[in-house]
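Chemist: Each protein sequence line maps, in turn, to chains A and B.
Position 331, counted from 1, in the first sequence is what the UniProt record's numbering calls 331; the numbers after and before it change by one each time, with no gaps.
Position 328, counted from 1, in the second sequence is what the UniProt record's numbering calls 328; the numbers after and before it change by one each time, with no gaps.
These are computed hints drawn from the structure, not numbers from a lab.
Since this is a predicted model, take the numbers as computed values, not measurements.
What you were told as hints is all true, and nothing was included just to trick you.
Identical chains blur together in the list; that is why a pair holds if it fits in one copy or across any two.
Mimicking SDA-like on lysine to any residue, the simulated pairs with C-alpha atoms at most 25 Å apart in a straight line are:
| # | residue 1 | residue 2 |
| --- | --- | --- |
| 1 | 120 | 103 |
| 2 | 19 | 298 |
| 3 | 92 | 80 |
| 4 | 19 | 117 |
There are 2 protein chains.
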Amino acid sequence: MSITAPAGFRAAGVTAGLKSSGRPDLALVVNDGPDQVGAAVFTSNRVVGAPVIWSRQAVTDNIVHAVVLNSGGANVATGPDGFAHAHATAEKTAALLGASAADVVVCSTGLIGVPLAADKLLAGLDRAVDGLSVDGGPAAATAIMTTDTVPKQVLVEAGGWSLGGMAKGAGMLAPSLATMLVVLTTDAVVDAATADAALRAATATTFDRIDSDGCMSTSDTVVLLSSGASGHTPEPAEFAEAVQSACAQLARALIADAEGASHDIAVQVVGASDEAAAVAVGRAVTRSNLFKAAMFGNDPNWGRIIAQVGTVPEEVAPFDPAELDVRINGLLICRAGGAHEDPAQLDLAASREVHVVIDLHAGDATATIWTNDLTHDYVHENSAYST
Amino acid sequence: MSITAPAGFRAAGVTAGLKSSGRPDLALVVNDGPDQVGAAVFTSNRVVGAPVIWSRQAVTDNIVHAVVLNSGGANVATGPDGFAHAHATAEKTAALLGASAADVVVCSTGLIGVPLAADKLLAGLDRAVDGLSVDGGPAAATAIMTTDTVPKQVLVEAGGWSLGGMAKGAGMLAPSLATMLVVLTTDAVVDAATADAALRAATATTFDRIDSDGCMSTSDTVVLLSSGASGHTPEPAEFAEAVQSACAQLARALIADAEGASHDIAVQVVGASDEAAAVAVGRAVTRSNLFKAAMFGNDPNWGRIIAQVGTVPEEVAPFDPAELDVRINGLLICRAGGAHEDPAQLDLAASREVHVVIDLHAGDATATIWTNDLTHDYVHENSAYST
Chain A
1 MSITAPAGFR AAGVTAGLKS SGRPDLALVV NDGPDQVGAA VFTSNRVVGA
51 PVIWSRQAVT DNIVHAVVLN SGGANVATGP DGFAHAHATA EKTAALLGAS
101 AADVVVCSTG LIGVPLAADK LLAGLDRAVD GLSVDGGPAA ATAIMTTDTV
151 PKQVLVEAGG WSLGGMAKGA GMLAPSLATM LVVLTTDAVV DAATADAALR
201 AATATTFDRI DSDGCMSTSD TVVLLSSGAS GHTPEPAEFA EAVQSACAQL
251 ARALIADAEG ASHDIAVQVV GASDEAAAVA VGRAVTRSNL FKAAMFGNDP
301 NWGRIIAQVG TVPEEVAPFD PAELDVRING LLICRAGGAH EDPAQLDLAA
351 SREVHVVIDL HAGDATATIW TNDLTHDYVH ENSAYST
Chain B
1 MSITAPAGFR AAGVTAGLKS SGRPDLALVV NDGPDQVGAA VFTSNRVVGA
51 PVIWSRQAVT DNIVHAVVLN SGGANVATGP DGFAHAHATA EKTAALLGAS
101 AADVVVCSTG LIGVPLAADK LLAGLDRAVD GLSVDGGPAA ATAIMTTDTV
151 PKQVLVEAGG WSLGGMAKGA GMLAPSLATM LVVLTTDAVV DAATADAALR
201 AATATTFDRI DSDGCMSTSD TVVLLSSGAS GHTPEPAEFA EAVQSACAQL
251 ARALIADAEG ASHDIAVQVV GASDEAAAVA VGRAVTRSNL FKAAMFGNDP
301 NWGRIIAQVG TVPEEVAPFD PAELDVRING LLICRAGGAH EDPAQLDLAA
351 SREVHVVIDL HAGDATATIW TNDLTHDYVH ENSAYST
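Chain A extracted, bound-state conformation (with noise of 0.2 Å):
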């Protein structure tokens, strides 16, 4: 159940020194082949860190042979000597496994605008890839963890062939990808386009479709590695159909990770005219601070949902505000706009799990979005964590 568990693939986990804590913190993926393809999917945000401006040039030819992912230090806003430390960093792991620099991907995850211990980081290089191992995956996807409280990793087997993933993500979580790292790896047979064309239609809708604190990275990372070991070429709508799961499972296990939070939350809007209504109504909610902070209080406040949902443009979501349904774990607290059942009815205490259905009566289309609850322990983390 690890990035190493599909054919090809190495990996290692070390300390180099850039975490204060002394816990690991750096990760070395390598796709030994015969394929090397790759395909990768980065923030939208207008301000990334040096990795990011490296490795989307990296991937253009979609070749990917290692992968370098370091916590304790973001490498954002650290002008010409960040992109060079990123750029050393792809360098010296491939002079050192004797790749091209072009292919090897960097991804680096903490706080922005401090620079990136690159001594460190570049010795650290040394012992990651003499640490090098096919079974290194756990020691990976624990040496990428910032705030998280578990590695995350998935496994998904196939006829012959499978699909691995680790990630990391505890904050920042939010549309157009979280603050998040994520490696897939796959022994599968699989074209450049079809491996694109799946890690896009994947994150698009489990990734992109989770949203912790409204707050977009600097630095997500998606990057899926096809070594080919298994010799199996696989159909692309069943290889499309593996990614597509891996990254669920990955996403909904960010959320459940999310920094201090006690519910994780879906909301299902449903009765929409088009899928993208559907989304804009989904993260209108799962961004509202008074809705988050009622589910912590256990209290199914509605009336912050259709407040919420009211805020959506016409344009962009038709929908007539007096035929509004809302469902809290199944019970129907709002029925045309107005008070239903009970909501006392309603414990929602008892699960870490809540369940939001909005039917918009517009449509058939739907879409679920993934948030958590706005706790104490969210405000606590999130006002200490650079000081």
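Place chain B on chain A using the hints.
Modeler: Then chain B, alone, in the frame of chain A:
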């Protein structure tokens, strides 16, 4: 310093029993003329309360005789009964005053989805009319409070005429008007077009630029009443300036009393290509929970600021991420997109107010958005509001 300071107005604030606390919850403002010019601006939320539906209609002829405002129930998502209650409120007020119901504006604030205790409200109206007084402004300002800790009042004095105001609203403050009810009174002689234009211009750059928690209300209403009792007819520009000043002072007072806040934060965007770009960037930053939690922690985490700036699409706000400057309380902590002065020089705990300046270096336009920090108290108050 109240809505009854200008000549021609009486007001009252009484206890109708809508609030379980037993505090005053019903306010009445009457314009005794000779003019009864009225203008109003309402929430742009598509889900609105019955009072908003009623009052939008009532102000179309720009004649407003009285404003009834209640706390202790928003009368939102209350269906046909809710509209009937708003209508009955206007009818009874009109009957008691010898006016037309179509000239009575009704405003309600409180929980969404709970039926209004219309019998109590209607009974309270008798006492409110009995209590009307030219000194009643402060009592009215107190009766409209919900989670506000202080009444908010203002008085702008001009040559021979004046403009008074009162406001409530401590949560759900967000662009496109806060959860707030505002009544402005003036004894200046102004025509409907002048009143309307002055009110729209002022709200666009004051109430519409405060964003406490990103949540747009269903009930926001700002009403301006002119009695003409001073006999003075100011120039439209002079009148507009007074309305602007009163709205700015009340908006600032709302932010200063926002739920659970410990910092008032002005995010000023300069060097923008146009005002809309400056507003968009300012709103992106003031919506960031990560930024707001950092402010609560007195942590000048500028990385979270530029990460939010980067979420604004280029077609909305052109800028080069490598040219962004950020000042906090005058200290240039981010220059040209990277670290500059040492943030440790800042002591954000030293004052309630924090001033952030973001220079996009893309033009000459500027805008300021006010917000608050995200605190434990905010989470506490909003996780236990309806239960």
